[in-house]
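Engineer: The residues making up each chain are set out below.
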Amino acid sequence: MNRTILITMAWAGAGFAQILDPALLTKPATDAWPTYHGDYSGRRYSTLDQINQSNVKHLTLGWIFRIKPGITPEAIVGGEGPTPQGPPTEPGTYQIKSTPLMVNGILYFSTPDNAWAVDARSGREVWHFAWKGKGGDHIGNRGMGMYGNWLFFETPDNHLVSLDARTGKERWHKEIADLKQEYFSTVAPIVVGNHVLVGVSGDSLDVPGFLESHDPETGEVQWKWWSEPVKKGDPGYETWPDEYAMRHGGGMTWVPGTYDPDLHLYYLGTGNPNPVLTGRSRKGDNLYTCSIVALNVDNGKLVWHFQPSPHDTHDWDATQTPVLIDAEIDGKPRKLLGQANRNGYFFLLDRTNGKDVLTAPMIRSMNWSKGIAPNGQPIPDPAKEATIEGVLVSPQTGGATNWPPPSYDPDTGLFYVGTSQEYSMFYLTDTDPHPEGWGAAERDAGHLGGDLEAIDIKTGKVVWDHHYPFTGGAVGILTTAGHLLFTGDGAQHLVAFDPASGAILWHAGLSDDLSNGPITYQLDGRQYVIAGAGDSLFAFVLQP
Amino acid sequence: MTWGNLCRIWPAIFALSGALTGATRNYDPAAVERGKTTFVASCGFCHGSNAKGGEKGPDLLRSVIVLDDENGSTIGPVILRGRPDKGMPRFPLSQEQIADIAAFLHNSIKTAIERDNYKILNIVTGDAKAGAAYFNGAGGCHSCHSVTGDLKGIGAKYEPVTLQGKFLQPNYTWEEGTPPHKVSAITATVTLPSGESVTGVIVHYDDFNIALRDAEGNYRSFQRVNDVPRVEIHNRLQAHVDLLSRYADADIHNLTAYLVTLK
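Chains A and B, in that order, are what the protein sequence lines are.
Residue numbers for the first sequence follow the numbering used here, beginning at -14 and rising by one.
Residue numbers for the second sequence follow the numbering used here, beginning at 2 and rising by one.
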């Protein structure tokens, strides 16, 4: 039977079954993973418990799906760029960093310029879409968003592309940013109501970041929020020396945010300011870069902000997942937001108003802060900003952690994050009063390994950590009601830990390091765990 | 973990792609030089000689008109017609001169974008005497190294930035002895429940497996379950790792200044 007939049959059988039920987006998924984090909270905790501590030892390989990106004979092709000769050469195109969506039995995921639909039961390809781009950084793509039958993803050359989930055929594409200004696009769009929220990447040049809301039907822009105040006199303007520095101040929006339907707020971590490694031309706190912001999802208006790294000069953006946590503090139920930040601190905020509840260091090597201010913000030590002769700083620009999604388990009350302890020298290279781009050079100066950490959100204390003397670092994490934590170890294994104690319960060798956030779902009464490693998706199941 | 590159998990995930749009183009150095000369003479008075802006004219390296330009396509009309509303006169330059100016501007932008190529300036600003004191005192360097032995002439062998990098984070493999043979700083001893122990250079190490190359060159691999067999890791360069949390920046500057004098 040829491939076309197979695919046609798959469609005929499925009919309109791929339609996404919007209600799925507000409750923890069991038979679906309908948005980047599974639900809007960013906890990456599943209530599924078929796979649990009593049987995890029997977890075994269900299937492997290996991607073949590029303009293959079967690919549905879109885009305005030239037709590439041969397969893609950018390594990022072969790295599955995206968290797959799973809706009505089909997985949807992407890498730069490519998107796939794969049967979630069998790992068979349903369709593959390939984009002919005009360039842009192919460092990664974090996934897709879904609204009804419509899928959305971003391309390295800054297009928002909408596909029909049933066929993989393009509906429309819209340019969201200028490639020539060194913008590129990686983020997984998040769909809230009839808003498709998209962001941008790129800090090679000094351009401003923004978040845009698009209409899912037409692709038209509904609103645009800039990461910096737009003009002189706007709130936050006082944190910049002048309008010029402010409008060239960076603040990219390259990791998906979270959403509280009751408060109607979208929570987003913003990128670092520009110029990146020197703050001479941008004295002040540089709002709203390196910030956690709460936006009204209907109009993009800022409701509150908290800035984990005021006047950052080390590329420590605050884009890490702002995880929504409901827990009791001092006996009172609170609506909270936790973030394990790239700068080396864990923050717990009140998500109704952005007030800091707790700030606690996550790594011992950190040496850039003079302490914590009464409002919970770390106080940067100006002596650790790049100089001509160099300063030794930990963490490195890559941070104590980074974009790979952490997890919060309500059963343990612990926040799980992969961290690394590393040092770099920072040398000022651009001594002009108006430096451009990064303005300073970084040189690797040493590593102390990394840890998988379990942080008590109420005290900020590390309850347990699993130390990796040579690996470790930021890594995607999933927790489940089966009292399991799934993550990677930097040695090409998927590992299941006991989230309460840190004991290792199970592991399996993969063909590469875990490269995305693992997910889980149940279909036909069977629970699956899906992990991306390099160019392959791996499905694990219990044998019936 | 693959031992060869001492990698951590995130470089695989975060490795920067070189596919930067504007940065991949190379500009003819002669055209860049000609463009600079013309630019300084005709445009530098308002835009600054480095095009970063002056009293009257804006920074052209951040100008969207310049970023959008291809070989003079968008800056040409502005140069030829001027911008009378903004006080910019017209300049009757030839197409070749405009193309050269474009090459100069785009090359300057490329220099800002390509951060891996930023030139580190003079880092030898420390006090060599204080560096010597640190070497022989608080730093503890003298307990393993000698400035008349293994470090003799080291200041002539490496550029200061490389030299500094070598004491902050030395190479973990090197050659020594007669005849020279390859040595690895990190080794492990595996002790089996039977009491047998195997020592060698680590080929692979994680929570579930360890593989060694022993002194005879044999490859030995062991499964690990709950830390059994016991693994002890030795790092001959641990003192360098321990210094990372103890250095003051001045110690690094002074030590560099001292080592540079060892010609």
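Read the hints as simulated data drawn from the structure, not as lab findings.
Just so you know, not all the hints are guaranteed correct.
Below, computed lysine-lysine pairings styled on PhoX-like, alpha-carbon distance capped at 25 Å [claimed, not checked]:
1) A:K268 with B:K158
2) B:K57 with A:K268
3) B:K53 with A:K217
4) A:K286 with A:K320
Engineer: Hint by hint, which ones does this structure get wrong, listed from lowest number up?
Structural biologist: 1
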